[in-house]
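Peer 1: Each chain, written out:
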Amino acid sequence: MHIPDGFLSTPVWATLDVVSAPAVAWVARRAQRDTQDNRIPLLGVMGAFVFAAQMVNFPVGPGTSGHLVGGALLTVVLGPAAASLVLTAILVLQALIFQDGGVLALGANVFNMALAGVAAAYLSNRLWGQASRSGAIFAAGALSVITSACLALGQLMISGVPMAGGVLWASLGLFLISAIMEGAITVAAVRAIERLNPTWVAGPQPATSRTVAAVAMAALVLVVVGTLVASAAPDGIQRLTAQGVDSVGWRARTMAGLAGIAMIFALCYLGGKLKSRRRSA
Amino acid sequence: MHHLVIDRWSRGSSSLHQRDPRAKLAALLVFLVVLSTTRPSAQRAFVAYAVLLVLAANMARLPILGLAGRAALVLPFSATFALLTWWSGDSLRALALAEKSFLSGTAALLLVGTTPLTAWTAALESWRVPRMLILVIQFVYRYLFVIAEQVQRMRWAAQCRGPQQRGFRLAAGLVGVLFSRSWQRADGIYHAMLARGFRGRFVPAPPAPFRSSDALFFSTCLAGCLAIRMLL
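From first to last, the protein sequence lines stand for chains A and B. Counting in the working numbering, the first sequence runs from 1 upward without gaps. Counting in the working numbering, the second sequence runs from 1 upward without gaps.
In case anyone wonders, no lab produced these hints; they're calculated from the structure. Hints are not guaranteed to be accurate.
As the list claims (entries may be wrong) - Sample of chain A residues at the chain B side, in silico, Cβ under 10 Å:
{"#": "1", "residue": "V27"}
{"#": "2", "residue": "R29"}
{"#": "3", "residue": "I40"}
{"#": "4", "residue": "L96"}
{"#": "5", "residue": "A164"}
{"#": "6", "residue": "I185"}
{"#": "7", "residue": "G226"}
Yeah, the Cβ is synthetic: ideal placement off N, Cα and C, and Gly gets one too.
So that you can see chain A by itself, here it is in the shape it has in the complex (with noise of 0.2 Å):
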């Protein structure tokens, strides 16, 4: 679901840019520190293939036939930061060239595809990758694309865009199908490119980190779950409508978010050096 410019407001797409931008300058950095030279055209030709393999009907039920979005099957073949870094380079182009999504909202496109969903892509692979390689990766399918609609649905209602009870509830039962369906599409593609060649595909690291790994989970969950429910609080969206990009509390309270946003990235900050200063010395 790639949102268009004119739809998000200003307040809205102006925090998501900025809160991208840096993390999509650090997943970059860790992508180029965890690959070697001979990746690079790896990189982009994995790219190139999530566009091509959107390209193939996948034939469910009936009449009707899903596709490939390819976010948690990048995730599981070339790492997190490397994924997320193909599916930013994939909305650039999308934005630019494609038409698809804005370039002004590529900010909150690039947070809910390449940097929530892959999130939630790695972290299901990560949790239940022990327990049942298959249902994890239907389960990073399914979460990615779930992840990301339910972000951009909230963020759209959020600008005021107005989304009757039925309409939400329909949509909402729109990704869910659509997440089943990817799910299963992705372990069916994993599945074939294991029996080609086993190594392509990496296996799910020991998971040394469990409870970390279940705190993220349990935060992304808690902001996906709280951008739905902040949007769907009617009053929110009243209030916003009603105030015109002029009004004064607009301006204090959009401060009040981003200097927010600044202390929990300081507080993240700090805590892994202090994390990793523990672990090297």
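Starting from the structure of chain A, add chain B where the hints point.
Peer 2: Frame of chain A, contents of chain B only:
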């Protein structure tokens, strides 16, 4: 295939083609921000934005109908939401949603229709977008159509061999084979790059100087957008 159209457009030689990609990218961002913050009630402003885009397309000697047709690709998505908004009783806002997404798409097309991919990615790189991301964008674009044609051929081959077969496992097998061929292609590309002296990074061409005509172009766009936003 339609991709060739944009590639062909971007190799033109109009005065808009010759502007520095950084100036064009900055002008696009200004236009999009101004458009995004325009109130739905300012319908005259949307007409003025459209006129601005038509003028630019004229300057670039690009076909206006072709541009509009490609930009209309956003309309199925925005029309759905515009209809929802309409039903909830806010027809002005519904109209603005469709207009904003359509005009934004046209503006983005004007950038890529007058700037080759290597030029706008170089502009992004000069704005400190991570090089790794730029490289991946370039590679994806380079191999996009190669692999899309490959999948098309594979689908035809599968149809020829068993037109009534359209199973889930068959499609999965197709994706698996496509994956393995892509993987091998990437290996081949890497070895070809090594054979041509690749040492882990590309040496970018020195950027063209930012001329005063580029600055003039950007300030004209800025002034035009702001004037429309303030006055109408």
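Peer 1: Going through the numbered hints above, which ones does this structure break? Give me the numbers in ascending order.
Peer 2: Hint check: 7 fails alone, others pass.
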